[in-house]
Structures are given as C-alpha cells and as structure tokens.
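Start from the sequences, fold in the hints, and give me the full structure.
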Amino acid sequence: MEINYSLLTIEIATALLALVVLVIGLVVPREQRYGLGYLVTIGLAGILLVSFGFYGINSSLFEGMYIVDDFSVFFKQLFLVAAILVSLAATLYVRKISANYGEFFIMLVFATLGMMILSSAGDFITLYLALETMTITFYILTGYQKTESKSVEAGVKYLLLGAMSSGILLYGLSLVYGMTGTIVIADVAVKISEMSAMPPALIVGIVFLVAGLGFKISAVPFQMWSPDVYEGAPTPVTAFLAVGSKAAAFAAIVRLFIVAFPAYGAQWKVLFAALAALTIIIGNLVAIPQTNIKRMLAYSSIAQAGYILTGVVAANAAGVKGVAFYAMLYVFATIGAFTVVMNFSANTGSDEIKDYAGLAQRSPLMAAVLTVCLLSMAGIPPLAGFAGKFYLFSSIVNQGYLWLVVIGLLMSMASVYYYLSVAKVMYMAEPTDNTPITVPVGAKATLLMTMIITVFLGIYPEPLSVLANIAAKALFF
Amino acid sequence: MIEFSLNNAWLIPFLPAVAFALIVLVLRPLPRVSAFVSITCILISFIMAISIGIGVIQGGEKFVEEPFKKAVTWFSMSGLKIEMGFQIDPTSAMMLFVVTLVAALVQIYSIGYMHGDKGFSVFYAYLSLFAMSMLGLVIAPNLLQMFVFWELVGLCSYLLIGFWWYKYSAREAAKKAFITTRTGDFGLLMGILLLQIFFGTLDLQELAVRIPNFTEYGLTAGALTLIAAILFLGPIGKSGQFPLHVWLPDAMEGPTPVSALIHAATMVVAGVYLVGRTLFLFKTVPGAMAFVAFMGAFTALFAASIAITQTEMKKILAYSTVSQLGYMMLALGAGSLTASMFHLMTHAFFKALMFLGAGSVLHAMHNEADIWKYGGLKKYMPITYWTFLIGCLAIAGIFPFAGFFSKDLILEVVWANSTLSGHAHGPFQGLYTLLFIMASMTAMMTAFYMFRMFFICFHGELRDKHAHPHESPFSMAMPLVVLGILSVVGGWVGWPGLTEGKAFGYFVRMGEFEIVHANWTLIISSTVLALIGIGGAIAIYWKNAISHEELAKKFAPLYKLSFNKFYVDELYLWIIHNIIDGIGRALWWVDMHIVDGVVDGVAKTTKVLGSVFRRVQTGKMQHYALVLFAGVVVLVIIMSFADTSVASLSLLGGGR
Amino acid sequence: MIGLNHFLVFSGTLFCIGLFGALAKRSAIAILMGLEVMLTAVNINLVAISRYVTPEYLVGQVFAVFVIAVAAAEVAVGLALIVAIYRNRISVNVEDFDWLKW
Amino acid sequence: MDFPVLTVILLAPVVGALISVFIPKEESRIIKAVAGISTFISLALTIVIYFVYYTQHLDTGGMAFTEDIPWVSDLGVVYSLGVDGFSLPMLLLTNVIGFTAVFSRSWSVEKRAKEFYILLMILIVGVMGTFVARDLFIFFLFYEVVVIPIYIMVIIWGSGSKTKDVTKEYAGMKLTIYLLVGSAFLLAAMIWLYMEAAEMRGLPTFDIATLASLSSQFDQQFQIIVFGMMGFGFTVLLSMFPFHSWSPDGYAGAPTAVSMIHAGVLKKIGGYGLIRIGFFILPLGAKFWAPLIAILAVGNVVYAALICLAQKDMKYVVGYSSVSHMGFVLIGFASLNIIGLNGAVANMFAHGVMSALFFSMVGYIYGATKTRYIPDLGGLAHQMPVAAAGFVVAAMASAGLPGLVSFVPEFTTFVGAFKEASLRIPAIIALTGVVLGAVYVLRMVANVLFGPRKEEWDHVEDIRGSYWIPVVVLIAFIVTFGVFPSLLMDMVNSGMQPIAAKLVDAARVASQMGGNI
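Residue numbers (our numbering), protein chains in the order written: chain W, 1 to 477; chain E, 1 to 656; chain R, 1 to 102; chain V, 1 to 517.
Hints are supplied without guarantee of correctness; some may be wrong.
[Stated by the list, open to error] Now the in silico label distances, taken between C-beta atoms and shown as ranges:
{"id": "1", "chain 1": "E", "residue 1": "H468", "chain 2": "V", "residue 2": "T371", "range": "26 to 36 Å"}
{"id": "2", "chain 1": "E", "residue 1": "S611", "chain 2": "W", "residue 2": "S350", "range": "16 to 26 Å"}
{"id": "3", "chain 1": "V", "residue 1": "K25", "chain 2": "E", "residue 2": "I575", "range": "53 to 63 Å"}
Since the hints were made in silico from the structure, they are not lab data.
Being a predicted model, the structure only gives us computed values, none of them experimental.
Quick reminder that beta carbons are idealized off the backbone N, C-alpha and C, glycines included.
Structure representation (structure tokens):
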C-alpha cells in the first residue's frame with residue numbers, strides 16, 4: 001500500500017521543531033536561551049504558512065486512521081495560531097516564573113502536536129493517543145511552577161480528574177468498538193446503519209463519550225476541574241489550555257458524533273442541547289461573583305463552550321461552520337485577555353480584579369485589549385464574537401431550538417455584567433499606583449494582533465467565514 | 001389701500017412678528033429703538049386694520065354672506081390637511097380694529113410706564129409677539145390655526161405676567177395662568193380633534209356647512225352636545241369662566257399695561273371670540289347653548305360677588321373682567337353673536353381705559369396696591385380722574401356711555417330667549433328667565449363695586465401720608481384720553497337711530513339680520529338697577545352715610561366668603577398639593593420600589609444564584625469526580641429509560 | 001462457556017472497583033492506583049472484544065498495548081506531581097488540596 | 001453609483017476619532033475642535049441631502065443615495081446604505097444632536113477629554129449607521145456599537161443623584177444590561193426571521209425591503225411571536241412602560257452629551273426599528289400587538305408625567321418627561337394608520353431636538369453650579385439669562401407649544417389615534433399628559449430660573465464661547481421646524497407611505513381570514 005507521507009508534513013515539521021528546540025536548549029548556555037521563545041514563534045509561523053497549502057486535499061492515511069481534510073487543516077491552523085500567540089506573549093512571563101525556560105516552549109509545541117493529531121484522528125486509537133499526548137503535556141505545563149503551591153495543586157487535580165475522564169472515554173470507546181466491531185470512525189456509522197435496533201450498551205458508550213469529551217471542553221456537569229486548574233496554572237498555560245485543548249476536543253466531538261453517530265442524531269442532539277443550556281447558564285452565573293480574573297475567565301470560558309456546543313447540536317454544515325468560526329475567534333479573544341492578565345501579574349504579581357483599578361491610565365493598550373476581548377466573548381457587535389454567535393444560533397433556530405437561542409442570548413447579555421465590571425474597574429477607578437505598566441514587544445504584538453483581528457473579524461467576517469465554510473464542507477460531502 | 005390691505009391681511013400679524021424677531025435678535029441692547037420699531041409696526045397694522053374695516057363696511061352684505069378667505073397649506077398628508085391663512089368678515093375686521101387699537105395705545109402708554117425698567121426692550125418684544133399671536137388668532141380661517149395662536153397668546157400671557165420674574169408672586173402667577181388655561185386647552189384640543197375626526201375638516205366655513213347635518217357624519221345630538229361642551233372647556237380657561245377663573249386675578253402681577261392689553265381688552269376675550277366663531281356648532285344643539293349661557297351668567301354673578309369686597313384696584317378690575325366675560329358668554333349662550341361681540345368691543349374700550357387708569361394711579365402711588373391707602377386722588381391727577389369716571393359710568397351701563405348699549409342688548413336677547421321668541425325652546429326656557437335675573441343682579445352689583453372703588457380712590461382724603469401722587473406723563477395720559485372718548489362714543493355704533501339701520505348688528509351677526517326694537521321696560525329697569533348700585537356706593541363710600549365696617553360685621557360669613565374668593569384657590573391648591581402631587585409621589589415610590597424593584601430583584605436573584613452555584617465548587621478533587629460520575633449516571637439513566645422516540649423529544653425542541 | 005458478556009460484566013465490575021478506589025481513598029497515590037484499575041478494566045474489555053467480535057484483527061489488543069503505555073506515562077507524571085506537592089504541603093491527602101476553590 | 005455621500009457622512013466622525021487618537025491628551029481644545037469639525041461635516045452633508053431629497057425625490061419616495069457592497073457572502077449580508085423619508089429626518093436629528101453634543105457642557109469632561117471625544121464620535125457613528133442601513137445585519141451591528149461607549153462614558157464622566165440613592169455605576173450598568181437584554185430578544189427574533197426567509201427564498205438575505213416583500217408569506221403565528229420578541233427589544237429601548245426604569249436613572253447618571261444623544265436619538269432607534277423592521281416586515285404581528293402597545297403607551301404618558309411632579313432633580317424631571325413623551329410616540333404607532341404613524345415619527349424628531357436642548361441646558365446649569373437639586377437652585381435667570389432663555393424654549397417645546405417643533409407632530413399623532421375608534425379612550429387619557437406636561441416643566445422653570453436672586457450663584461458664568469452653539473443651533477431647528485412643519489411632515493409622510501400601505505394590506509388579509517386579530 002502506497003502511503004503518502006507528505007500529507008504529514010505539518011505534523012512532522014512540528015515534531016522536528018520541538019526536537020530542534022530541545023537540542024538547542026541543551027547546547028546554548030542558560031542565560032542565552034531567551035531567544036528560544038522567538039525561535040518557536042518563527043518556526044510555528046512558518047508551519048502555519050505551509051499549512052495553507054493543505055486545503056483541498058481531503059485524503060486519508062493508514063486506511064482511514066489518519067484523515068487530512070479541510071476540517072483538520074482548519075483546526076491545525078487554529079492550534080498553530082494559538083501556539084504562536086501564546087509563545088509570543090509568554091516570553092517575559094516564563095522568564096519570571098521559572099529557570100527552565102526552554103522546556104516550557106518544547107511542551108507547548110508537543111501539546112500543539114497532540115492537538116493537531118487529534119483533529120486528524122480517524123480512528124479511536126489515534127484519537128486516544130492524540131488526546132493523551134495533549135493532556136499529559138498539559139499536566140506538566142499546569143504544574144510547571146513546581147515551587148508554587150497553587151500551580152502544583154492544579155496539576156495534581158488536573159491529572160487525577162483528567163485520568164478519570166480518560167478512563168471513562170476509553171470505556172466508552174471500548175463499548176462502541178464492542179458493539180460495532182470497528183474502531184474507524186467512518187466505519188462505525190456504516191455498521192450502525194446496518195443494525196436493526198439500538199443496543200443499550202451503545203447508548204452507555206455514547207454517554208461515556210459525551211462525558212469523556214465533555215470533560216475536555218468543560219461542559220456542565222463535567223466542568224468542575226477547570227476553574228481550579230485555570231486559576232492555578234501559569235497564565236500562558238491557562239490561555240493555551242482554554243483555547244487549544246478546548247478547540248481540539250471540539251474537533252474530536254464534531255468528527256466523532258457527526259461522522260460516527262448520525263443515526264442517533266435525535267438522541268445526542270437533545271443531550272447536547274441540554275448540556276449547552278446548562279453550561280451557558282451555570283458558567284455565566286458563577287462567573288458573576290468571582291474576584292480573581294483568571295477564575296472569572298475560567299467560568300466565562302465554560303460558558304463559551306456552551307455556545308460552541310449549540311453548533312454541535314445543529315449537526316449540519318452551518319453548525320460545524322459556526323463551531324469552527326467561533327473556535328477561531330475565541331482563540332483571539334481568550335489569548336488577548338490572558339495576555340493582559342499575564343502581563344499584569346508579571347508586573348504587579350496580582351490576579352485580583354480590584355487591583356486592575358485605573359489600568360486605563362496605567363496602560364491604555366492593555367485596558368483596551370481586555371475590554372475588546374471580553375466584549376467579544378459577550379458577543380457585542382461589531383466584535384468578532386457577535387458574528388460567531390450569529391453563525392451558531394442561526395444554525396439551530398430553525399430546527400426548533402429557539403428556546404436555546406433565547407437562553408444563549410440572554411445569558412450572553414447577562415455576561416456583559418461581569419465583563420463590564422472589569423471594564424468599570426479599569427476605566428473608572430483611580431489607580432492606587434500610578435506607575436505605567438510596561439508591555440514587552442512580544443506581548444505587545446500579541447495584544448495588538450488579537451485586538452485588531454477581533455475587531456476586524458467583527459466588522460468584516462468574510463475571510464474567516466470562507467475558511468470555516470470550507471472546513472465544514474469537508475465533513476458533509 | 002383698502003384692496004391691498006384686504007389681499008394682504010396676513011401682514012397685520014406679520015409686522016409685529018417682524019418687530020419681535022428684530023428686537024430679540026438685534027435690537028435688544030437699544031431700548032428706544034426697540035420701542036420705536038415695535039410701535040411703528042403695530043401702527044401700520046392698525047392702519048391696515050382700519051382700511052380693512054372700511055372695506056368691510058363698504059362691502060356690507062357681501063362679507064357677511066361670504067367671508068374673504070385666503071390660505072396656504074401649512075402641512076398635509078392623506079386625510080389631514082391644515083392651512084394657514086386669513087379670513088376677513090365683519091367680526092374679524094372688528095376684532096382686528098379693536099386689537100390693533102388697544103395694542104397700539106398700550107404700547108404708547110408703556111413708553112412712560114415702563115420707563116427705566118431694565119427689561120424695556122424685552123417688554124416690547126413680548127408685546128409685539130402678543131400682538132402677532134392675537135391678530136393671527138383673530139384672522140384664523142380654521143380651528144387649528146386658531147388653536148396655534150391661541151396657545152401663543154397663552155405663552156405671551158405667561159411671559160408678560162411673569163415679566164418681573166424675580167418677584168416670587170409674579171412667577172407663581174405666570175405659572176398658574178399657563179397651567180390653568182392649559183387645563184382648558186386640553187378640552188379645546190380634544191374638541192378640535194373630535195371635529196376633525198368626525199367632520200374631516202377644521203375649516204370654519206366648511207364646518208359651518210357640515211355641522212348642521214351632523215347626523216350624516218354618524219353623530220347623535222347628544223354626542224355633538226358633548227363635543228361642544230368639551231370644546232367649550234378651552235374658552236372657559238382662556239376667558240376666565242368659572243371654575244377656571246382663578247388665574248385671571250393673579251395675572252395682575254404683570255405690569256399694568258399688560259393687564260390692560262391682555263387680561264382685560266384682548267386676550268381674555270379670545271374665548272368669547274372662539275365660541276362666537278364656532279357658534280354654528282353650539283346653535284345646532286340647544287343643550288350646549290344652555291350650558292354656555294349658564295356658565296356665563298353664573299360666572300358673571302360669581303365674580304361680581306367677589307369684586308365687591310376686594311381691596312386692590314387691579315384685583316377688583318380683574319374680577320370685573322371675569323364678570324363681564326361671563327356676560328359675553330351669556331350673550332352667546334342666548335344665541336346672539338351681535339350682542340356678545342358688541343359688548344366685547346365696548347368692554348375692550350372701557351376696561352382698557354380703567355386698567356390704564358389704574359396703572360396711572362399705581363404709577364403715582366409707587367405701586368401701593370391697597371385702595372384704602374388712596375383717597376382724594378381727584379385733585380392730584382385730574383385726567384386720570386375724569387377718564388376713570390367715564391370708564392365707571394360705561395361699565396355701569398349709564399346712557400349714553402358705551403356700556404349702556406351693549407349691556408342692554410345682552411339683557412334683551414336673554415329676555416327674548418326666556419319669552420319663547422328666542423331660539424331656545426322647550427326645556428331651557430325657564431333657565432333663561434333665571435339667567436336674566438342673574439344678569440340683572442350682576443349689573444347692579446357691577447355698578448356698586450365700581451363706584452365703591454372709584455370713591456375710595458379718588459374722593460375723600462389721601463390716607464397714605466407719605467405718598468406724593470402726581471399726574472402721569474403725556475405718553476400715559478394720551479391713551480387714557482383716546483380710550484375715554486371711545487368709551488363714550490363706542491357704543492353709538494349700536495344705536496339704530498344713529499346709524500340708519502346699518503347698526504353694528506347689521507355687520508356682525510349670525511343668521512338673518514333683525515332690527516332689535518328698543519324694549520323700554522328693560523332699558524329703564526336696568527338703568528334703575530345701575531343707579532341703585534351707584535347710589536349705594538355713594539351712600540357708603542362717599543357720603544359715609546352707612547359705615548362699611550358695620551356692614552362687613554353684620555354679614556361677616558358672607559363677607560369672609562366673598563373676601564376669600566369662595567376659597568376656590570385654596571381648594572385647588574389643596575387638590576394639587578395633596579392629591580395630584582400625592583399621586584405623583586406615590587407613583588414614584590412605586591417606580592422606585594416596585595417597577596425598579598422587580599428589575600433589581602431579577603438582577604439580585606441572578607447574583608445570588610451565582611454565589612450559590614459557586615459554593616458547589618468546594619476545591620475538593622473527589623467532590624468533582626463525584627459530580628462527574630453522577631452526571632454520567634444521570635445521563636445514562638435518562639437516555640436508557642426515557643422514551644427516545646423523536647416525538648417526545650420534540651418537547652425539548654428537537655427533531656424538527 | 002465463557003462468552004463476551006462475562007468479560008464485559010467482569011470489566012464493568014473492575015471499572016467500578018477502580019472508580020470506588022479513586023473516589024473513596026484519601027491518598028493521592030491510592031487514587032492513582034484506583035485509576036490504573038479503571039484502565040485495566042478497559043484493557044480487559046478491549047482484548048475480550050477483540051477476541052470475540054473481531055477475531056480476525058488484533059485491533060483491540062493493539063489498542064490495549066497503547067493504553068498500557070500511555071497509562072505508564074500518566075503515572076510517571078502523576079507521581080512527579082505528587083512528589084512536588086508533597087514538598088509544598090507535606091501531605092499527599094487530596095482533602096488538603098483545596099486552596100483553589102469557589 | 002456616484003459620490004458615496006452616506007459613507008462619507010458615516011466616516012467623518014470615524015476619521016475625527018482616529019485623528020484624535022494621535023493628538024496628545026493635554027490638547028483637549030484641539031481634540032474638541034476636531035470633533036466639532038468632523039461632526040459638522042456630517043451635519044452639513046446631511047442637510048444637503050435632506051434638501052436634495054426634499055426637492056427631488058419626495059414625490060417618488062423610496063430609497064435614495066443608495067450604496068451596495070457585498071459584505072459577508074454566505075450570510076447574504078450586504079453593506080447597503082440608503083435614505084428615505086423616514087431615515088432622513090432621523091439622520092438629520094442624529095447629526096444635529098451629535099454636533100451640538102460636542103459643544104455642550106459636561107461637568108468633569110475636562111479630565112480625560114481625549115477619551116471622551118473619541119467615544120462620543122464612536123457613539124455618533126453608531127447611531128447614524130442604524131438609520132442609514134438598509135440591511136438588517138448592518139443595522140444591528142451599528143445598533144449595538146453604541147451600548148458600550150455609553151456605559152464607559154456614564155461611569156467615567158457621569159454623576160449620581162441627590163434625590164435617589166443611585167450611583168453612576170448602577171445607572172450605567174442598569175442602562176446597559178437592560179438594553180442588552182432587550183436586544184437579546186431582538187436578536188433572537190431577527191435570527192429566526194432571517195432563517196425563515198432564507199428557507200423560503202432558498203437564498204439568505206438581510207435586505208429589509210426583500211424581507212418585507214415576503215411578509216405576506218409568513219404565517220400569522222410566526223409573525224406574532226417574532227414581532228413580540230422584536231417589539232420587546234425595541235420598546236425597551238423606547239422606554240415603554242413598565243420597561244422604562246433604566247431611562248431616568250441612565251439620563252441622570254450620564255454626562256450631558258450622552259444624555260442628549262441617548263434621549264435625543266438613541267431612544268428613537270427603538271421607534272425606528274419597530275416601524276422599519278417590525279411594522280414593515282411583520283404587519284400581522286403589529287396588528288396583534290398594537291392594542292397592548294396602546295395601553296402601555298397611556299401608562300407611559302400619564303404615569304411618567306405624574307412621577308415628574310414628584311421629582312426634585314432636574315435630570316430626573318427631564319428623564320421622566322422623555323418617558324412620558326415616548327407614550328405619544330407609541331400611541332401613534334398603535335394607531336397603525338398613516339396619520340398616526342406620521343405623527344409618531346415626527347414626534348420622535350421633535351422630541352429629539354427638544355430634549356437635546358433641554359439636557360444641554362440642564363447640563364450647562366449643572367456644570368456651572370455643580371448641583372441639579374431643584375431646591376438648591378432658584379433665580380438663575382439673574383446670573384445666566386441666555387441659558388435661562390434656552391431652558392424656557394426647551395420647556396415650552398416640551399409642553400407642546402405651537403410654533404415650536406413638537407406641536408404639529410403631537411397634534412397629528414392624536415388625529416391618528418382618535419381616528420381609530422378603539423383608541424379613543426386611551427388617547428383621551430393620554431391627552432391629559434399635555435396638561436401634566438405643562439405643570440411639571442413650568443414648575444421646574446419657575447423654581448430653577450425665576451424668583452429672587454440667590455447670592456451663592458453670583459459666581460457662575462452665563463453661556464459664552466462655544467457653549468453658544470447648542471443653544472443657537474437647536475433653537476434654530478426647533479423654531480424652523482415648528483413654523484414650517486411641512487419640511488418635516490412631507491418628508492415623513494413620504495417615508496411612511498409604503499409602511500402604511502403594508503399595514504392596510506395586512507388588515508385586509510386579516511379580515512379575509514376572519515381571524516380574531
């Protein structure tokens with residue numbers, strides 16, 4: 001059998017990049033390793049450029065185990081963008097928190113690799129392996145500040161709970177495998193369509209899959225870990241975790257449920273609709289009383305997952321397009337926000353919202369970026385979040401989910417309350433300390449990029465919507 | 001000239017408008033120029049009004065039958081077209097004459113009276129604005145235009161009453177005047193709206209054709225009566241009829257020329273004029289006529305009974321104005337446009353005269369208001385004295401002064417209504433007899449209180465020893481003289497013997513012209529009544545034959561009631577401060593605590609829910625795991641045991 | 001004759017035992033062990049299914065090998081983290097790990 | 001497609017804002033001048049196209065100065081602008097108020113002036129955009145652009161009140177969340193409408209005219225639900241009773257310029273949307289909900305007017321009065337006939353200019369005396385005659401005096417309302433608002449401006465310099481449109497024709513169906 005390895009160029013390049021950085025990190029003296037972050041950024045950017053050439057291939061390797069289609073390419077680009085932004089933003093912060101500068105970026109690249117493979121996974125083994133590659137690197141990253149009690153606590157919690165959810169996911173996968181006799185996602189659908197009745201074990205399996213992947217996207221009631229981990233983990237990790245891990249899990253969910261279980265659509269759609277509603281409501285409600293900005297963003301990102309789930313509920317091209325579109329703009333908004341948080345804490349050592357008083361005077365750029373990013377998450381036009389929500393909700397409104405749309409929109413307006421509370425502190429309150437906050441070049445680049453893209457995509461969503469459309473079409477041919 | 005004036009009658013109100021704009025925008029810092037411009041403009045208007053009057057008299061019958069009308073569209077849409085323009089007929093020509101005349105005289109008078117006031121130019125601006133508004137009202141060919149200018153005169157009234165706005169009393173009086181008349185305008189506007197809706201037009205001539213056939217427009221007589229009554233609320237407010245008369249006496253807080261011009265001679269008669277213009281509406285339904293007549297007669301008597309005990313010159317004159325306006329309304333209610341307009345005209349002359357006279361006195365006495373501080377002014381200010389006497393005689397209705405003719409005509413038409421020869425047959429005939437008695441009593445009381453004031457002020461000894469009264473300057477005396485002359489001869493136009501049959505009533509009328517034959521019984525009896533009133537005043541206040549203090553003690557309850565204006569003001573104040581404001585405060589409470597309370601409650605609930613759910617997040621890793629597995633179990637149970645058929649899921653919105 | 005269902009029931013039971021361990025034990029190490037039991041249950045499942053459902057392919061077995069390998073990695077990281085937190089808190093009792101909450 | 005005048009009008013303040021970004025923040029006078037110039041360009045161009053439309057397009061009606069650029073292809077969004085007899089008065093209103101708001105006095109704007117003017121520019125652009133958008137999506141985009149700048153402006157430059165225990169933070173947050181919750185329903189309805197239409201046509205579109213052409217195909221049930229949700233969103237913005245409580249607090253809390261823009265035009269977006277989108281696309285829904293709107297409108301007029309009587313804070317008086325005036329607008333809407341609609345729309349314009357002047361003067365007095373509490377004030381006409389004159393004009397316009405802008409619209413509204421037999425009773429009750437309106441404004445005028453001189457205000461200065469601009473410009477508009485109402489009414493009438501025709505059609509359809517609407 002002929003295997004076209006060139007299809008794996010992106011993944012191989014990423015792996016190589018990690019290894020190169022590893023080696024250089026060993027060779028270069030400790031004091032001069034600060035260039036590594038930029039090296040990673042440049043390398044990833046190069047890969048991102050290359051990846052544009054992979055649109056339109058729509059092929060698979062190893063008898064369907066590994067799929068290279070537009071959908072996966074889109075998500076790979078998403079992970080790359082996230083990794084680039086995070087590595088660009090994190091240089092100063094990482095220097096402050098740890099002496100092991102190089103390892104951080106290596107882990108970052110490996111996590112990216114895991115996500116990429118996950119988005120391409122065509123069977124259960126690949127899926128599981130990719131998931132674990134990603135997750136285990138995140139365990140390490142979460143506990144990266146090993147002298148910092150909170151960081152390690154977050155790491156332990158994440159590891160124990162993550163392993164449990166992996167167990168559940170695996171158990172679900174094994175049940176599906178048992179009922180259908182195949183582990184290739186595309187074949188599962190074929191096998192199910194040949195069945196006359198729905199075996200109960202399959203239902204249990206599907207629910208286990210929902211739970212296992214729901215854990216990764218932190219859907220209620222599987223969300224409990226995420227606020228603690230987000231709060232405890234080093235901020236760049238939190239950013240990457242919130243964006244990359246979540247998007248990767250969504251890619252897996254979309255592929256798994258839409259490709260493998262279209263026959264049980266009626267069942268899992270309602271299940272996801274209920275989860276989405278719960279997630280949106282709980283996430284937004286609990287975010288309101290938070291005083292720590294990272295924790296607040298954690299709850300808000302739970303709610304964001306709820307919105308994205310509505311696109312899964314739609315289970316059609318429009319819905320998937322919504323998922324893809326929203327996941328991408330969510331990258332910018334979230335990383336923008338977390339970059340502000342990380343830069344702020346690098347300067348002041350605090351993550352408390354009340355310490356943000358007068359930020360608009362101390363650093364207008366940071367205040368503006370944080371405001372824009374938060375409002376984009378709330379879905380206020382003309383920011384990208386609005387367009388994203390529009391895609392998502394318009395995909396389900398006609399399928400009888402008007403109630404979900406109303407809940408979603410109402411709660412997103414309620415979310416404005418806590419987002420604006422942050423804006424209020426930044427803009428209205430007088431600073432207690434008047435010294436300006438300096439923003440290093442890399443972080444500044446990240447901030448500007450996220451803000452400009454968030455605004456631009458809100459006003460003119462066409463470019464991204466074209467890409468998202470291509471991605472979505474790949475699943476529905 | 002006549003032709004030009006007729007065709008360009010719109011210039012009459014426009015010129016004062018120009019004066020207003022010029023003064024406000026440019027001339028404010030130059031008081032003399034302002035006054036000059038303003039007076040020039042009103043004089044030109046006056047001349048045009050005279051030439052229109054001549055034209056109308058020459059035209060005769062033609063103008064009565066078909067008024068001369070010109071109009072342009074003000075705004076329009078499908079189903080609603082409103083015009084602005086002018087309509088010249090004898091009634092409006094008469095009004096134009098009266099208004100421009102009094103306005104011109106008052107403006108001249110004000111040169112002296114307002115001399116040195118720091119708002120001198122602004123005062124002239126307001127006077128010009130008023131002249132513009134009033135003239136616009138007079139020539140209005142449709143009800144909306146009338147309403148527009150009606151409101152504008154209200155504004156001018158507000159501005160001029162409150163001209164000395166730094167005085168607490170003036171500012172309150174201005175506010176009261178505006179709000180009270182506004183209350184009436186509420187009815188007027190509603191009436192206009194209803195007319196527009198049912199008859200599809202507001203043009204007076206059109207309405208005059210359509211309203212008599214009201215059944216074709218889907219209205220019953222009762223409904224039309226109601227509309228008329230609602231419409232009449234406007235005149236009640238503007239012309240100070242009971243129960244909305246309260247603002248007019250307070251309006252005397254304005255400068256005296258204003259009182260003369262606006263609150264005696266011109267603006268307050270706008271209500272009468274409006275009813276006169278829409279008399280075809282009232283005449284169609286007898287009930288409305290009776291209502292108007294009764295309100296008029298009652299107001300006349302009521303105000304007269306208050307005027308008897310008041311102690312301020314301008315207040316007395318104000319109540320007298322209210323009373324006389326009631327007279328005019330009564331005439332309209334009796335169906336005679338002629339009588340009411342005639343009285344309107346003569347009243348304008350003599351009441352303006354008396355107000356200006358009062359102004360002259362106030363000027364001399366340095367704004368001392370209490371008449372008991374005056375006395376013996378005769379020797380200090382002869383011109384004022386004699387002209388004032390003419391005014392008093394005129395209002396008392398003594399031959400051959402102007403008031404005699406008009407008052408007599410009113411009594412005649414009311415009497416005619418009570419004797420079946422008038423139009424109001426059937427149920428209201430008895431009412432008109434009562435009204436006649438009320439009117440006669442009013443006539444007597446009027447004579448009494450006028451001369452009471454006259455004697456207290458001008459005869460006897462000066463009671464305030466510190467005062468140094470003096471005669472007023474020429475600019476103030478001249479208008480007095482002119483008005484004095486008019487108060488004598490003004491009534492003669494209604495004297496059939498003098499005018500060869502083409503008396504006032506030939507021109508200003510509604511319906512066929514009938515020569516009213518002098519009813520000698522009436523003439524004599526009313527004159528006798530007036531003389532009794534004067535005699536009483538002479539006895540009590542001049543000759544001191546009877547002590548007025550004794551009288552007041554003897555009839556103490558009545559005296560107090562009258563002196564305190566029947567406590568109507570107090571009642572209104574109580575209602576406004578306790579009931580209306582009370583409701584306002586109560587609603588505000590509702591708004592803050594209930595309407596807002598619900599909103600804040602929802603917000604608070606959301607927050608509380610947030611804090612509650614937050615507590616689930618205990619930080620204990622195994623709790624998290626438990627929740628996770630509990631979730632899985634619940635989902636499994638739901639998915640396994642629930643009927644997963646599409647139909648039941650559609651409850652949740654799935655499966656479409 | 002022992003059939004697939006027996007294996008499934010067995011693995012299910014094992015899964016629950018592991019789960020109970022993970023939920024009930026207080027020591028982080030013991031919880032890690034519980035998790036390993038859960039993964040073992042999965043492995044049994046996979047192998048049994050491979051044997052009964054797809055005897056001609058060794059898919060399940062291969063899957064199980066991967067799971068074992070990954071589990072080893074997981075445990076390695078886990079133990080490292082537990083050591084790290086023990087240095088900080090002088091405890092491996094998960095009840096004590098509640099600085100991050102609400 | 002010649003000169004894209006509407007885009008230029010929209011972009012002028014954007015350019016102004018961008019220029020301001022690069023001016024150092026100490027140069028507040030230059031920033032103000034930039035803001036003034038850029039808004040003036042918009043205003044001048046708007047006046048030009050107003051008269052071009054008035055002289056050339058009035059008979060034919062319809063959209064003019066259109067621009068169409070495809071925007072988001074898969075959603076069918078088109079950047080399509082255009083104005084007709086309905087949007088032009090609103091655009092003019094926005095620009096007049098925007099221009100004058102720049103020069104109105106807001107206490108404490110001196111500090112952080114740069115941010116203030118930049119946000120103000122964004123605000124103005126947002127409002128203008130809603131009125132010129134022909135595409136629903138673009139409309140909504142602009143609509144929500146305005147919410148956040150307002151919040152920030154309220155919390156930074158706003159103020160609390162002495163009479164009610166309300167902080168500016170609370171006021172700003174309440175205003176923002178209230179409007180956003182309203183817009184959540186609006187957006188949901190819009191999305192549903194869009195998807196239904198897309199399904200019918202097989203091609204997605206947001207073009208309002210195209211959607212309206214489908215209106216006879218939407219079934220009644222659908223129209224009722226969608227209109228209900230949409231109407232909720234829009235009427236909240238229009239501060240319909242009992243969803244009005246954000247408005248007095250918000251206006252009281254906001255700095256002068258924001259109060260002017262918010263009360264003057266932003267609120268009118270609610271009315272504009274209700275008609276342009278609700279009535280035009282969903283006439284059957286409008287028919288169903290009109291009686292409820294009428295009843296609540298009466299609540300607006302009377303309830304708010306009575307509350308005004310109890311107020312001691314100037315801004316609360318004006319705030320509640322604007323709630324009360326919206327009742328007139330709503331009752332005109334509820335009449336569903338062309339006269340009522342004309343009146344209501346013209347009323348929106350009138351109230352806009354009038355309340356802008358009102359807030360401007362109140363703001364000036366507040367800026368000078370640092371208090372809005374009426375019992376503290378008094379006799380201010382001694383110290384500031386010009387401001388007093390402006391105040392009185394505003395008060396008179398508010399009381400609906402003829403010759404000023406609001407009389408003819410109010411009259412027309414009531415003609416429209418009286419025309420419908422079922423609305424007569426509500427309309428008569430609402431008419432009492434005319435009296436109550438006079439009571440509360442005159443009370444305020446008397447207590448603030450007139451009466452004996454108070455020594456403590458001798459230090460305050462009268463209007464001078466650029467503060468003249470709002471007074472002069474707004475009074476000019478108030479008087480011009482008052483004396484020549486056809487300038488406005490003809491325009492509005494031409495804009496309302498197609499909408500009224502739609503409603504007439506719907507009435508016919510409804511009567512054919514014999515339905516119970």
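Hints versus structure:
no.	hint	in the structure
1	H468/E to T371/V: 26 to 36 Å	violated, 46 Å
2	S611/E to S350/W: 16 to 26 Å	holds, 23 Å
3	K25/V to I575/E: 53 to 63 Å	holds, 56 Å
In this structure, the one hint that does not hold is number 1.
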